[in-house]
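Trainee: According to our numbering, the sequence shown is numbered sequentially starting from 2.
Take these hints with a grain of salt, some might be off.
Stated by the list, open to error - Distance windows between CB atoms, simulated:
(1) Y28 x Q101: 49 to 55 Å
(2) L59 x E102: 17 to 23 Å
(3) T156 x L59: 28 to 34 Å
(4) R69 x P40: 41 to 47 Å
(5) L15 x T111: 31 to 37 Å
(6) T120 x M145: 17 to 23 Å
(7) M17 x V147: 47 to 53 Å
(8) W61 x Q101: 33 to 39 Å
(9) W79 x P41: 55 to 61 Å
(10) D163 x A56: 36 to 42 Å
(11) V10 x P41: 34 to 40 Å
(12) R86 x L15: 37 to 43 Å
(13) R67 x N162: 41 to 47 Å
Just so you know, these hints were derived from the structure itself, not from any lab. Built from N, CA and C at the ideal position, the CB exists for glycine as well.
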Amino acid sequence: MNPMIRPTVPSTSLVMWSVAIGLCTLYLVPATLANWPAPPWLITITTLLAGFSVALALRWALKVRRARAWDVSAQLLWQQFEAARLAGGTTTEVTVLSVQEVQPTGAWVTINWDQFGYTQPAWIEGRGGTYWPGSVVLITPDPMQVHVGQPWPPTYRIAENDCRAIAPLLR
Numbered sequence: 002m003n004p005m006i007r008p009t010v011p012s013t014s015l016v017m018w019s020v021a022i023g024l025c026t027l028y029l030v031p032a033t034l035a036n037w038p039a040p041p042w043l044i045t046i047t048t049l050l051a052g053f054s055v056a057l058a059l060r061w062a063l064k065v066r067r068a069r070a071w072d073v074s075a076q077l078l079w080q081q082f083e084a085a086r087l088a089g090g091t092t093t094e095v096t097v098l099s100v101q102e103v104q105p106t107g108a109w110v111t112i113n114w115d116q117f118g119y120t121q122p123a124w125i126e127g128r129g130g131t132y133w134p135g136s137v138v139l140i141t142p143d144p145m146q147v148h149v150g151q152p153w154p155p156t157y158r159i160a161e162n163d164c165r166a167i168a169p170l171l172r
């Protein structure tokens, strides 16, 4: 699972099953109680539906809890991101659009320079498994690679010590 993309809470199948089982349970529980002592088949079906309802409620709770934990983590990462930006020095943001290959010493990625709107391939050193599509990376641009008035290098190399912070892309 990509830690840079917020987990979804509702899914089509979860909503459909919740509505179907919820409506059946809301109908059968009062019907069973009203017809007490109810036939065994009605008690069995009502018990099964009540169990499925509890399982679905737990699933919803788990998905909401996971999304809230991601939100808290994302806020913390963005606070660290802003602190790193304010710490001084020249920095810029790049968004990792895709990861082509992860290696022990880094990763081949496609980045978008957020300030310039320019997309290009790049090599990010170190932390090979921590760069995911949707990551916003605060970097210190290398003056040896980027010059005012000159073309962009075909592949940009981001040194590990040039990465200041990383946070998820918030949409």
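Trainee: Next, verify each hint and record whether it holds.
Mentor: Evaluation of the provided hints:
At about 53 Å, the beta-carbon gap between Y28 and Q101 stays in the expected band of 49 to 55 Å. For the pair L59 and E102, the beta carbons lie near 39 Å from each other, so the given range of 17 to 23 Å is not met. At about 48 Å, the CB distance of T156 to L59 disagrees with the hint of 28 to 34 Å. A hinted range of 41 to 47 Å holds for the C-beta pair R69 and P40, which are about 43 Å apart.
The given range of 31 to 37 Å is respected by L15 and T111, whose C-beta atoms sit roughly 33 Å from each other. About 21 Å separates the C-beta atoms of T120 and M145, a value consistent with the hinted range of 17 to 23 Å. Separation of M17 from V147 is about 51 Å and conforms to the stated range, judged on CB atoms against 47 to 53 Å. In this structure the hint that W61 and Q101 lie 33 to 39 Å apart at CB holds, the actual value being about 37 Å.
Remark: the range hint 55 to 61 Å for W79 to P41 is upheld by a beta-carbon distance near 57 Å. Distance hint check: the CB atoms of D163 and A56 are about 48 Å apart, inconsistent with the given range 36 to 42 Å. Look at V10 against P41: about 38 Å separates their beta carbons, and that is inside 34 to 40 Å. One distance hint, 37 to 43 Å for the beta-carbon pair R86 and L15, holds here, with the actual separation near 38 Å.
The hinted range of 41 to 47 Å is not satisfied by R67 and N162, whose Cβ atoms lie roughly 33 Å apart.
Taken one by one, the earlier hints fail for this structure at numbers 2, 3, 10, 13, listed in ascending order.
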